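> Turn these sequences into a full structure, and let the hints steer you where they fit.
Protein chains: 2
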Amino acid sequence: MSHYPQSLLTLIKNLSKLPGIGEKTATRLSMHILKASKKEAFDLAASIQIVKEKVRFCPGCFGLTDQELCNICQDSKRNSNQLCVVEQTDDMISIEKSNAYSGLYHVLHGVLSPMNGIGPDEIKMNELFARINKSGISEVIVATSTSVEGEATASYIFQELQQKNNITITRIASGVPIGGDLKFIDQLTLKRAMERRYSFS
Amino acid sequence: MSHYPQSLLTLIKNLSKLPGIGEKTATRLSMHILKASKKEAFDLAASIQIVKEKVRFCPGCFGLTDQELCNICQDSKRNSNQLCVVEQTDDMISIEKSNAYSGLYHVLHGVLSPMNGIGPDEIKMNELFARINKSGISEVIVATSTSVEGEATASYIFQELQQKNNITITRIASGVPIGGDLKFIDQLTLKRAMERRYSFS
Numbered sequence: 501m502s503h504y505p506q507s508l509l510t511l512i513k514n515l516s517k518l519p520g521i522g523e524k525t526a527t528r529l530s531m532h533i534l535k536a537s538k539k540e541a542f543d544l545a546a547s548i549q550i551v552k553e554k555v556r557f558c559p560g561c562f563g564l565t566d567q568e569l570c571n572i573c574q575d576s577k578r579n580s581n582q583l584c585v586v587e588q589t590d591d592m593i594s595i596e597k598s599n600a601y602s603g604l605y606h607v608l609h610g611v612l613s614p615m616n617g618i619g620p621d622e623i624k625m626n627e628l629f630a631r632i633n634k635s636g637i638s639e640v641i642v643a644t645s646t647s648v649e650g651e652a653t654a655s656y657i658f659q660e661l662q663q664k665n666n667i668t669i670t671r672i673a674s675g676v677p678i679g680g681d682l683k684f685i686d687q688l689t690l691k692r693a694m695e696r697r698y699s700f701s
Numbered sequence: 501m502s503h504y505p506q507s508l509l510t511l512i513k514n515l516s517k518l519p520g521i522g523e524k525t526a527t528r529l530s531m532h533i534l535k536a537s538k539k540e541a542f543d544l545a546a547s548i549q550i551v552k553e554k555v556r557f558c559p560g561c562f563g564l565t566d567q568e569l570c571n572i573c574q575d576s577k578r579n580s581n582q583l584c585v586v587e588q589t590d591d592m593i594s595i596e597k598s599n600a601y602s603g604l605y606h607v608l609h610g611v612l613s614p615m616n617g618i619g620p621d622e623i624k625m626n627e628l629f630a631r632i633n634k635s636g637i638s639e640v641i642v643a644t645s646t647s648v649e650g651e652a653t654a655s656y657i658f659q660e661l662q663q664k665n666n667i668t669i670t671r672i673a674s675g676v677p678i679g680g681d682l683k684f685i686d687q688l689t690l691k692r693a694m695e696r697r698y699s700f701s
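Chains as they are written, first to last, in the numbering used here: chain A, 501 to 701; chain B, 501 to 701.
Everything labelled a hint here was simulated from the structure, so no lab data went into it. These figures come from a predicted structure and were not determined experimentally. All the given hints hold, so there is nothing to weed out.
Taking beta-carbon pairs under 7 Å as the criterion, some of the chain B residues facing chain A (in silico):
#1 A545
#2 V551
#3 K552
Ideal placement from N, C-alpha and C gives every residue a C-beta, glycine not left out.
Structure (structure tokens):
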């Protein structure tokens with residue numbers, strides 16, 4: 501490695517810190533950057549700096565934004581009576597891509613995990629309850645993942661909110677994925693799919 | 501994609517331009533940069549800019565350097581009578597890693613390829629001959645690749661230099677790679693290995 505100029509070595513080292521990028525890939529990327537136009541390289545460098553300077557959590561939903569409020573919180577056409585609770589910003593984006601939901605979001609930035617010392621204060625849980633108390637939300641859709649922690653977090657939210665009148669608390673359905681072959685589906689999922697079976701209507 | 505903030509989208513777009521980085525990987529890298537410390541992200545951005553500003557061709561060997569001359573051309577301990585001709589800077593680094601050579605290099609930055617309009621003027625060929633004429637080089641080792649163009653380039657260098665007295669022109673050996681299983685070696689390589697067989701000494 502010492503055969504490269506020092507500044508190229510620094511770039512390779514910094515690129516290697518990215519997830520899934522080893523030394524070989526970092527070297528390949530560095531050589532590309534070296535051969536690329538000055539504009540392309542400087543645009544890349546600038547966009548990294550701008551992202552770190554501009555992108556922050558939306559004070560409404562704790563999703564990502566580079567404005568005062570994120571596009572979704574700003575959008576007056578969305579149904580402000582519905583609130584979908586997700587673990588991470590990625591989950592919010594996955595639901596958005598499905599086009600199945602037009603309400604607002606709340607990103608917890610984690611799940612309850614007492615084993616790892618993560619309680620309600622470590623994630624945006626108190627912010628969730630404060631928001632529900634303040635606004636006219638009539639349905640809370642809990643879309644945390646179906647992992648053990650995700651389910652526990654969903655139960656916690658349900659328990660905390662169930663005394664409240666005029667709020668419906670729902671959980672996203674779990675079962676066999678569309679296009680899923682039954683023989684490849686795990687037993688727990690199949691059990692859940694049988695339990696939550698519904699009548700043709 | 502429109503669910504991400506604009507500055508994040510710009511970063512994803514710029515990262516996607518790197519070789520082997522698709523939109524999904526670019527998104528994952530962007531999310532990592534977003535979560536990484538400000539120092540880590542700014543160091544990465546700065547190292548991209550520094551590489552573009554500082555790294556250039558060494559005026560001696562046309563390898564990469566961020567100084568006046570590259571480390572190898574600067575090194576007075578190296579054998580300045582030997583000159584190894586390679587296609588690309590990567591080849592030079594591969595040979596350096598092998599620790600099998602202690603002379604100087606000359607990077608052609610390409611191979612002769614008349615089909616693609618690449619003649620001696622398009623690569624650092626004239627610079628090679630000028631350098632050999634000026635300096636006290638006694639051996640030129642042609643280490644271009646064993647592709648058709650690499651072999652043709654090697655022949656060209658041999659023809660141009662063969663009139664010169666007191667210069668030995670050599671070509672790196674080709675044959676069966678060490679650890680290579682004969683049944684996986686192509687016929688041309690095997691033919692070459694048979695032709696260039698040598699006596700045990």
